[in-house]
Amino acid sequence: MKILTGNDLGSGAVTWWNGKGWSLFVDDAVDVGEDADEILARETAARRVNVPYAIEASIDAAGHVRPAHIKDRVRALGPTVRRDLAVPTAGKTGWDWVI
Amino acid sequence: MVDARDLGTSPDEVQFRFRDDEPADHGTITVDACCDQTNATAVRIEPGDDARVLLPFLDRLALIEVNFPGFGDGRGYSSARILREAGYTGELRAVGDVLIDQLSHMRRCGFDSFAPDKRLDEDDAARAFATWEKVYQRAADVRRIIADIRHEA
Amino acid sequence: MYQYDQYDQAMVDARVEEFRDQARRRLEGKLTEDQFKPLRLMNGLYLQLHAYMLRVAIPYGTLNARQMEALADIADKYDRGYGHFTTRQNIQYNWIKLDDAADALADLAKVEMHAIQTSGNCIRNISSDHFAGAAHDEVADPRPYAELLRQWSSFHPEFTYLPRKFKIAVIAAEKDRAAMRLHDIGIRILKNDAGEIGAQFYAGGGMGRTPMIAPLIRDFVPLDQLITYAEACLRVYNRYGRRDNKYKARIKILVHELGAAEYTRQVEEEFAHMLSAGVEPPREELARIAAYFNDPAFVDGPKTIDRSDPDFALWVDRNTHRHKHDAYVSAVISLKPVGGIPGDATSDQMRLVAKLARDYSFDELRVMHTQNLLLPHVRIADLPALWAALDAAGLGSPNMDTIEDIIACPGLDYCSLANARSIPLAQRITERFAANGRTGELGELKLKISGCINACGHHHAGHIGILGVDKKGTENYQLSLGGSEAEDVSLAKITGPGFDEDGVIAAVETVTDVYLGARQDGERFLDTYRRIGMEPFKEALYG
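Protein chains in written order, with the numbering used here: chain A, 1 to 99; chain B, 100 to 252; chain C, 253 to 795.
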């Protein structure tokens, strides 16, 4: 599936398109299908997100959203070497799938 | 082929001008054409042009436009300073993708008129021109630099 | 050390307000991200993997205790309680908000610090020898020249939209402790035969995807023409550096394509012109700056220490450097604990180091290009107390220039350009060698890790270098051998096919085995490699 991610303009935080707005949690990301370009243009213009882009992702057996590229998987949770600073949901999903 | 008359900005397009004389109201020609013609008084420099080929003609030039097709290409800053260092006193106009935050540096490099593609916010531009009350290095604006002020006593 | 006067202070204050206004216009939508990006970069603000990152300059690596405390305060107030010291004498904060960035810059300005031109296609922070002003082997303190260049390059109106970034290093000793010849311009301050001090210019060095060693372009520039010569170098580059391809836009490509002789000819022509135009600051300015770098009040004292504690003795042997005054040494504070993140320091550690600088080093600190900190002027008599304080805070690792003193870029854990992680490799390699006990036996061995081809981890200049690459979506690591950033500068060569994470760690151990088996008396790893060549290492790795 295709999901959208970017950074919040003011805080810089990694965000994911959840169908209505931008969430901090990758598991909230929704499949945007053919609508990616339209949503990206609209949300960028409204400055609700900064430099967003569309990526490939899948849903694993436990129902978690998993970005296809390693870089976006690292973005989803935080630095692998500072797990104490991870996004709050990291504890639920574990780190095994990131690398 | 672009007609020479199509080049150049008209006085109407000049948003900021720091000169008292009447602006030239005719089009500019390319650097190559300028070198071939003996009567041209206005020329446009593109980023890849060598400003120094114009030095023999500075006396007859009243307007030199320096084009910035993209704001990130900084060759025009060197072109401007080279012309001022050679004694050019006519109008030096920055045209093209000229942005607010470049105005003060362009001014220091010798530009005295500005015709941005997109008109700039007047308040933001006024603030930008006034950003640096003092300056560290010599440029085309012959301001006394901070080091001069420190040692002038 | 240098102190701002009203003019310097006004410049950084003006810059803070300019950036505050730029950030406002971005948040209001008056600037697009494409327009804002070069502006924020010129104020050190990147958008990285997880957040904005702020890179703060520590000009020529020198700072005082109050400044280090301010860095700690910024880490707590605007970030997450730590910072990362880089190979170019900067500190990076990984979690800064755009909303807060101008306030952070304002806090820096209060202690005469800034993030000016720590990124962007402009002249970057001027780096220097971390032992400047303390080393026994320098002809002069290089920092006054670096400060003169800092002022000249700050907000330079002609050189703010260069083809690409531009890095300058200044040293003043035969020994090169600043990777001088791997900079866009490297300057060596030296004495000529007549005993006059001047500057040797090297141009066109760099790492990145096309590493090059800078050739000498001018043997001696008189000190009252230093700025003029630098200006000429920059103007030729600004006019003729390639702008059609960002990967070929650094000055090294221009110097390479023109040839050093032709580039030099063009610079000399521009230099002659600029001498007549008159761009040099008044002569007295250099003297004014130099007065700030006079020696502190050194006092005589004991020149030997009690070595009965072997841990302390080891730290002294590894982490102290000979000082120009024989009752003093320079003491390296390692930011490379075994299993730690190279270059990271917590706010508490920064505050402790600041206190130690006050207590033991005339209120002066340095940031080293090896991502360590340094107290430049420590009385030999104070070493036991200093070491005890460092050891208790996890800052006493006795590993300077050993295989545990790894340079590593932030890599894929933080950086949006990276292809692979660097930090976990550094952690595991230090753990491996601490466990097998070979660190001491291996002696000087500089291992440098980059997470992508941009080479921020200086892998081209490592005795052993590791480059992380993306191999079909997984991390892969290329090993290289034989680089050096020092006066015996050389570029490392790739051993062969890459390895996965476990594989490259094993490969590092393998090449150190080859060295230990082949070395002759007194040879460092690098010396053995240069003598026996790549083949024995290849054979052991792939044979």
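Just so you know, the hints here were simulated from the structure itself, not pulled from any lab data. Built from N, CA and C at the ideal position, the CB exists for glycine as well. Any given hint could turn out to be false.
Restraint-style ranges between C-beta atoms, simulated for each label pair [claimed, not checked]:
(1) A:64 with C:725: 14 to 20 Å
(2) B:221 with A:85: 41 to 47 Å
(3) B:233 with A:41: 56 to 62 Å
(4) C:792 with A:2: 45 to 51 Å
(5) B:185 with A:56: 55 to 61 Å
(6) C:496 with B:218: 27 to 33 Å
(7) B:155 with A:41: 46 to 52 Å
(8) A:94 with C:285: 43 to 49 Å
(9) C:792 with A:95: 43 to 49 Å
(10) B:233 with A:56: 39 to 45 Å
(11) C:496 with B:125: 46 to 52 Å
(12) C:539 with B:229: 29 to 35 Å
In silico lysine-lysine, BS3-like type, Cα no more than 30 Å apart, as pairs [as the list claims (entries may be wrong)]:
(13) C:607 with B:233
(14) A:71 with C:362
(15) C:417 with C:723
(16) C:349 with C:282
(17) C:329 with A:71
(18) C:498 with A:71
(19) C:498 with A:92
Far from chain A, some chain C residues (derived; all Cβ distances over 10 Å) [said to hold, decoys possible]:
(20) 527
(21) 553
(22) 593
(23) 722
Results for each hint:
{"no.": "1", "hint": "A:64 with C:725: 14 to 20 Å", "result": "holds, 18 Å"}
{"no.": "2", "hint": "B:221 with A:85: 41 to 47 Å", "result": "holds, 45 Å"}
{"no.": "3", "hint": "B:233 with A:41: 56 to 62 Å", "result": "violated, 44 Å"}
{"no.": "4", "hint": "C:792 with A:2: 45 to 51 Å", "result": "holds, 47 Å"}
{"no.": "5", "hint": "B:185 with A:56: 55 to 61 Å", "result": "holds, 57 Å"}
{"no.": "6", "hint": "C:496 with B:218: 27 to 33 Å", "result": "holds, 30 Å"}
{"no.": "7", "hint": "B:155 with A:41: 46 to 52 Å", "result": "holds, 51 Å"}
{"no.": "8", "hint": "A:94 with C:285: 43 to 49 Å", "result": "violated, 34 Å"}
{"no.": "9", "hint": "C:792 with A:95: 43 to 49 Å", "result": "violated, 34 Å"}
{"no.": "10", "hint": "B:233 with A:56: 39 to 45 Å", "result": "violated, 53 Å"}
{"no.": "11", "hint": "C:496 with B:125: 46 to 52 Å", "result": "violated, 33 Å"}
{"no.": "12", "hint": "C:539 with B:229: 29 to 35 Å", "result": "holds, 32 Å"}
{"no.": "13", "hint": "C:607 with B:233", "result": "violated, 36 Å"}
{"no.": "14", "hint": "A:71 with C:362", "result": "violated, 37 Å"}
{"no.": "15", "hint": "C:417 with C:723", "result": "holds, 28 Å"}
{"no.": "16", "hint": "C:349 with C:282", "result": "holds, 19 Å"}
{"no.": "17", "hint": "C:329 with A:71", "result": "holds, 28 Å"}
{"no.": "18", "hint": "C:498 with A:71", "result": "holds, 23 Å"}
{"no.": "19", "hint": "C:498 with A:92", "result": "violated, 42 Å"}
{"no.": "20", "hint": "527", "result": "holds, 46 Å"}
{"no.": "21", "hint": "553", "result": "holds, 42 Å"}
{"no.": "22", "hint": "593", "result": "violated, 6 Å"}
{"no.": "23", "hint": "722", "result": "violated, 8 Å"}
Going through the hint list in order, the structure does not satisfy hints 3, 8, 9, 10, 11, 13, 14, 19, 22 and 23.
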